[in-house]
Amino acid sequence: MEGEVNLQNILKNLNPSLNEGKYVYCKVDTIDEIPLSKVLFLFREEESVTVVVKKEDAEELKLDFSYVASWITLEVHSSLSAVGLTAKFSQALGEAGISCNVVAAYFHDHIFVDEKDAANAIDVLNALKG
Numbered sequence: 000m001e002g003e004v005n006l007q008n009i010l011k012n013l014n015p016s017l018n019e020g021k022y023v024y025c026k027v028d029t030i031d032e033i034p035l036s037k038v039l040f041l042f043r044e045e046e047s048v049t050v051v052v053k054k055e056d057a058e059e060l061k062l063d064f065s066y067v068a069s070w071i072t073l074e075v076h077s078s079l080s081a082v083g084l085t086a087k088f089s090q091a092l093g094e095a096g097i098s099c100n101v102v103a104a105y106f107h108d109h110i111f112v113d114e115k116d117a118a119n120a121i122d123v124l125n126a127l128k129g
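FYI, in numbering that gives the first Met the number 0 the residues of the sequence shown are 0 to 129.
Derived by calculation from the structure, the hints in this document are not laboratory data. Even glycine gets a Cβ: it sits at the ideal position worked out from N, Cα and C. Everything hinted at is true.
Derived pair list, reagent style DSSO-like, types lysine-lysine, alpha-carbon separation capped at 27 Å:
#, residue 1, residue 2
1, K21, K61
2, K115, K53
3, K21, K53
4, K54, K37
5, K115, K54
6, K115, K128
7, K115, K21
8, K115, K37
9, K21, K54
10, K11, K128
11, K11, K87
12, K61, K37
13, K53, K26
14, K128, K87
15, K115, K11
16, K26, K37
17, K87, K21
18, K37, K21
19, K115, K87
20, K26, K54
21, K53, K37
22, K61, K26
23, K61, K115
24, K26, K115
DEER-style ranges, computed between Cβ atoms:
#, residue 1, residue 2, range
25, Q7, A95, 17 to 25 Å
26, A118, S89, 13 to 21 Å
27, L79, L41, 17 to 25 Å
28, E1, I30, 25 to 33 Å
29, E114, I30, 21 to 29 Å
30, V48, F106, 22 to 30 Å
31, S98, V4, 26 to 34 Å
32, F40, K61, 19 to 27 Å
33, E59, N125, 29 to 37 Å
34, A95, S65, 21 to 29 Å
35, K87, E59, 36 to 44 Å
36, N5, A118, 27 to 35 Å
37, E32, N125, 34 to 42 Å
38, S98, N125, 16 to 24 Å
Between the sequences and the hints, there should be enough to build the whole structure, so can you do that?
This is the structure we're talking about:
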């Protein structure tokens, strides 16, 4: 099932939702000691593997981290081929002084913001509905 491609329709139906918990980015050389059930997502780069997990799981696994984020899901089912969505919300968040780290998955876009900025980020995203 393909998602929405029309940017105006996407923005009207953005429906940002704040997920429970705090999430951290960890740099690891191997994921052998990390249960897959605790991994929200991972990305292999040339230098290492980035793993995003709940803060409490990182602490339990003794993983180093410095950035604590809140996770916002855009509930609209946007197509991976939709043009302009990331630019639109990242510009709006940037103008509000909020950094964002974005993950596009099959059904939804996911935005990680500093935990202190979560409520403000939801307000900024809701304002994009027009």
